[in-house]
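Asker: The chain contents come next:
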Amino acid sequence: MLKKKKGTSGNAVQYVTRNQALKKLQLKLSEFRRLCILKGIHPREPKKKPQGQNKTYYHVKDIAYLLHEPLLKKARELYAYEKKVRRARAKKNRDLAARLAARKPSYRLDHLVRERYPSFVDALRDLDDPLTLVHLFAVLPAEKAHGIPAPAVQLARRLALEWQAWVVRSHALRKAFISVKGYYFQAEVQGQAVTWLVPHATSQVLPPDVDYKVMLTFLEFYSTLLQFVNYKLYHSLGLRYPPVLDPKLEQAAVGLEALMQDLASSGSGAAAAAPRQLAAAAAEDAEEGGVNPAAQQRLGSLADKVRELEEEIRGERPRGAAAAAADAQQAGSEDGSASEEEEAAEEEGFEIDSGDEGEDTEEEEEEADSGSDEEEEQAAADDPEDADLAAAGAAAGEASDDEGEQAEEEEEDGQQLAGGAADVDADDDAGVCASLFKGLVFFLGREVPREQLLLIIRAFGGEAGWDGEGSPLAEGDERITHQVVDRPTQGHRFLSREYVQPQWVFDSANFRVLARPPLYAPGKAPPPHLSPFVRGEEEGYVPEYGRQLAALQEAARAARKRRAAAARGGDVFVGEEEEGGEGGAAALTAEEEAEAAEARYAAELAKELKKSGAAAGEESEEEEAAAPAPKKRRVSGEDELQMDEQQMKDIMMTRKARKMYQGLQKSRAAKQARVAALEQRAAALKQ
Amino acid sequence: MSGKRSARGGAKQAELLAAQQAPEGLDDAELALSSDEEYESGEEDSELGLSGSGSDAEDSEEEEENGRPRSSGVDREIENAALAYMAAVQKRQQRGQASGSGSDSEEEDERESDADEEPAAAARGGGGGELAAGSEGRDEEEGEEDEDEERPQHDDPASDSSEDERAPRNTVGQVPLEWYQDEEHIGYDVEGHKLEKRGRRDRLERHISKQDSLAKEMRTVYDEYNDEEIELSKEEMRMIQRIRQGQFPHVEVNPFEPEVDWFTRDVEVMPLSAAPEPKRRFIPSKWEEKKVVKLVRALRKGWIKREQEPEKPAAYLLWEDDGRTADKTATGLTYIPAPKLKLPGHEESYNPPAEYLPTEEEKNAAQLLDEEERPQFVPTAYDSLRRVPAYASFIKERFERCLDLYLCPRTRRKRLIIEDPEVLVPKLPKPKDLQPFPVSLAVRYSGHIKAVRSLSPDPTGQWLLSGSDDGSVRLWEVRTGRCMRTWQLEEPVACVAWCPSSQLSLAAAACGKRLFLLPTGTGNEEQEAATEAALQQALAASGSSGSGSIEEGQLVSWQRWQGGGSGSGSGSGSSDGVVVLHRFPLKYVTWHGRGDYFATVAPTGNTQAVLVHQLSKGASQNPFRKNRGRVVRVLFHPAKPFFFVATQQNVRVYNLAKQALARKLVAGSGVITSMALHPSGDHLIVGSEDKRLCWFDLDLSTKPYRSLRYHQYAVRGTAFHRSYPLFASASDDATVHIFHGMVYSDLMTNPLIVPVKILRGHEMVDFQGCLDVAFHPTQPWAFTAGADASINLYVNP
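So the protein lines, in turn, are chains A and B. Following the numbering used here, the numbering of the first sequence begins with 344 at its first residue and continues without gaps. Following the numbering used here, the numbering of the second sequence begins with 722 at its first residue and continues without gaps.
Hints are computed from structural coordinates only; laboratory data are not their basis. Computed from a prediction, not measured in an experiment: that's the story for all the values here. It is possible that part of the hints are untrue.
Claimed, not checked - Label pairs and their computed distance ranges (CB to CB):
{"id": "1", "chain 1": "A", "residue 1": "Ala493", "chain 2": "B", "residue 2": "Arg1021", "range": "38 to 44 Å"}
{"id": "2", "chain 1": "A", "residue 1": "Gln990", "chain 2": "B", "residue 2": "Gly1053", "range": "47 to 53 Å"}
{"id": "3", "chain 1": "A", "residue 1": "Lys426", "chain 2": "B", "residue 2": "Glu980", "range": "26 to 32 Å"}
{"id": "4", "chain 1": "B", "residue 1": "Arg1021", "chain 2": "A", "residue 2": "Leu372", "range": "23 to 29 Å"}
{"id": "5", "chain 1": "B", "residue 1": "Arg1021", "chain 2": "A", "residue 2": "Glu563", "range": "53 to 59 Å"}
{"id": "6", "chain 1": "A", "residue 1": "Ala1027", "chain 2": "B", "residue 2": "Lys1153", "range": "41 to 47 Å"}
{"id": "7", "chain 1": "A", "residue 1": "Gln990", "chain 2": "B", "residue 2": "Leu1473", "range": "16 to 22 Å"}
{"id": "8", "chain 1": "A", "residue 1": "Ser449", "chain 2": "B", "residue 2": "Ala1086", "range": "55 to 61 Å"}
{"id": "9", "chain 1": "A", "residue 1": "Gln357", "chain 2": "B", "residue 2": "Arg1021", "range": "17 to 23 Å"}
{"id": "10", "chain 1": "B", "residue 1": "Gly1053", "chain 2": "A", "residue 2": "Val1018", "range": "42 to 48 Å"}
{"id": "11", "chain 1": "B", "residue 1": "Leu1473", "chain 2": "A", "residue 2": "Glu388", "range": "25 to 31 Å"}
{"id": "12", "chain 1": "A", "residue 1": "Gln357", "chain 2": "B", "residue 2": "Lys1385", "range": "25 to 31 Å"}
For glycine and all other residues, C-beta sits at the position ideal for the given N, C-alpha and C.
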């Protein structure tokens, strides 16, 4: 047999070092880096490193893939073109230089997005980093010293707002957290949890030891990716993309609201809103004239189409534009939101998508269905007469329900906790999220982070106004149920509303329950803010306030279930179980009640555990789980026995299993130690 | 055109003249001025030359006003000059009419006044300069007019013909006229004489003259500078009026004359230029052609685009799919997504629970640490959201993440996520269910002074024999722990072995180079007798000389030994043993199951390392010509004619019947120290110095079925129980591990090995702990021999 020559197969030919790659591609390192970032090519770790240990290896296929990249050719062309411009400039041929510079060829990264993310879910899985970087650049100054171009910053800002608007619109937000680093948000998009981090709204200091070119290259790709993702998301909701930003509101730094207005008009009520806006524009030049000419122009062209369609479908005789406008104007002059919704409901079916008309009829139908469902809820909640109290959501629900009137007083508490989501199935997390703040109207002080709070409040179904330009509500509005302030003292107080710190919104949203507002009163140190990303059972330790909130959550859950049962008209078993506990609890103070709820929660947990154990027939395991605790507290002789037993168990394990086992034991012990330390500290702090 | 040319010539002439006549005190300015028209100047020259400096200013003025030079008696030349002058005047008038500039006379006038005031400057500028100024036109003149406003009015709109000849009369110098207000004179004449002020007529006089002729008086203006009154003619008045009305001063000037376009496209009979048409007019331009070709090519190839391409929208529907994920990239390589960042815990909160905050001590301790060891993130609490500052390293962290994304090699590691580590522990029956096995210490046999090397219980289980480093072999009663008998053998006893034959009460002890066959005296009389007989027979058969040494050519020498033994037993001193002298120090002795054969091991014996002796014949033989490696242990198979020889590295199994190597077992471990055979003869355990115990299934493989490593020091002894499924290993770490070792008769089922008990009870002495272990032949009991000179018996509960 011939002896195989060295370096002709295996890792030696499958992997190349970075320098080899550079040579092959005939690129400078910076160009190569840029290309790698855009193409998403990363080094790999071969099992054997034929060229040495401390070298970076790329797969040979990756490099070959780069070699055929059209972008590479484009980059070379661009380089040559720039040379032309330089030459013209050097020869003082200003005309030519200007002409060339104006006609500079551009390049696009669309194909890269498609290549790297063949399906939409792939893109969603990798969305964390793009979103965080885009949100960062949205607040960075466009500094020439660092080469951050203003258009990039503007685009980042727009994309961030678009994303947030979509999250609000689809009620996809699940978790929010105020960290020292910034605000964490988590949304659920097509079953993928997408987490992003938004920096605090203070000015960022640009560190000098950061290569902004690298970050900008990433940003370039990420903004392209995000544009397509946003398009897809908007498309799936039947919205037009890109949405038009209201420059006036944008200037007032309202941000999200600037977009939401457009979405509101172009979304479910696109057909209705368009002519109305037209009419409004005609009628009230003073008000509407300055709002957004671009949007109106687009909407204007849309309106014609809408009308045509209307006529086609209804078979009515053609109405003049003036008549339509007059109609719309009339509608506009009536009570704002309710009439808008009505009209939207009427013309739900004739939704227009500027992207592709009449393509996804099924989707539209679905949309229409869900829209009409939402419609009713919205109509109920938006009715200003109903929504006057703190427990607006509950009240609104009750008013519409016959059974609700007979509800006991104890139930009210649970209802109150459940917020606007009292009617929603307790197991339907998305539904609970979408309507938690339904019926609540917030007013944000000027000192609170407006954009973040608007995002949460509106994503969870609430309404909000703020202290500043463009607010839909004035501070003195009667409908306001909660005022979010962050100041040491609150001067004038309206008795009809709760005054809470911003943390209340976050905590309530995270635990899907309306937390107790008195704890978050302005000027008071709020209860600890807990991370929603920590799962108690995994961590092994749940802080005191976490347990209290969990108890509240349980109560809200029970209330939701009870309502569901009542709506079904069946026996209220779930409710009755709870009622015993809650009847007593209602009389107690909030603290005691929390404790009671906690006890209830624990008892239920135990019950459930038993049930599941019995069902599965794994009582022996349960015994085992329960057994270790007493075993530990024995005399030293027994201890030795225990050790021996352990040692003997080790003997029969393979070495690999033993090492793994020991590692696991070690980590488990470390965790336990950590939990024990925390518990101990908490106990010490309590005293 | 021609006028200009002539003017230039005139300038030259004027310069020449100036150079000639400067000594005569001629005014340069006048010269320069007059050079505007050569004929004029020529005439003046002549005039000057004629009249000389002696003529009065007044007179000359009068003469000039008359319009004719007073040349009554002049020579021919002068006459010619005068004629020429006349012609020039005429021509100039014509020109004035053509150009429409009109105010020639004024120009002249002004120029003259300039010259009057600044003779020196004019001289410096030279005639050409002044000329240029004159020919440039109105701009200059306007500027001059401005200057004139400051100066005393010096209007002399008399006919151009007269003023041109007027000589300067007054040289005031460049001072305002007011300075002469109180003086008797006004300025000086050319010669420097004071010019007397004639004085203006007073009002009365003027009134009278007005009465005389109003019209004339109204037309009279007073020239302050020259101190004279000037009467304007009617023509001049008309001219002034026309000027005031913004019209041309001269009536005859037509400003709207039809323009004659000399250069037209009409080909005239007489062309303006007589040059022939150049050739380039008739051939196509090569340069242009090149340019056109270039453009055409660029258009064809699409380098130049005439219309802007419609730009693709920034975003469109890129994915129309169903949400299926693809795990292969375009390269065909597996897609490795970057790991997501860790989600924040409670400690990262802006207001974490108090128990997550570090205490003061912890903070201080962290300060003392190195910067690298210091925790990256310290939980901090802010009492309200508005107090939370910007996170300083936000950008830095994002940047590092970016670096990680494109710089870090990615690999896909398979990671077993084990919720419950207990799944890793093999499911074994509980030791409780595998009883009986020795658990608790029952008897401690003490009497030896030094480490006990070897143990051997008798087949009935009543007695126990032990050999120690102190040179003694002791016989113990198992149940009571009494030492029944002691043999002092002077040298450390390496091994003792009880003869398994039930007819004999005999034991073998290896001690130095001698092997003792000791009648233990524990049997009944029958056995005692049989033992005595057997020993006698062996001695007789061996034909020993009793010389006390090994003869040449003999492997060993069998001899009677009368050391006897001391003890409290019944048969003390009754029996003499047999000693088999060897050439090499013995380490081990073992009996065949029937009790007739026994084998000795002398590891240093090279070719004579293993000797097999037959008691009944008193014979010894060396079965191996050569041993590969140092032999440590040998064993007889209990039923079959197999012989196990353990060298330091491996175990060889010989078929004694066939006299061939049957199998070679490779433990793959360190130096083998001990070996034990399962009663069935199919399983072998081997202990080694590298703390390992190997279980060989002889039917299965030459490799160990299980290799267990649980001792902390070398394994010293191993043992199988004869009837219970138990085996044990003793180690230098002073522990004995008892295992449940169930062997199934079913060949398909692997032996079940379960550790059941760890026996502790010995102490380590000089890094030696337990040196031997042996099971009770009938009970689930274990004897252990320790380096601490004690022997323990562990029994089941």
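Asker: Of all the hints numbered above, which does this structure not satisfy? Sort the numbers upward.
Answerer: 3, 4, 5, 9, 11, 12
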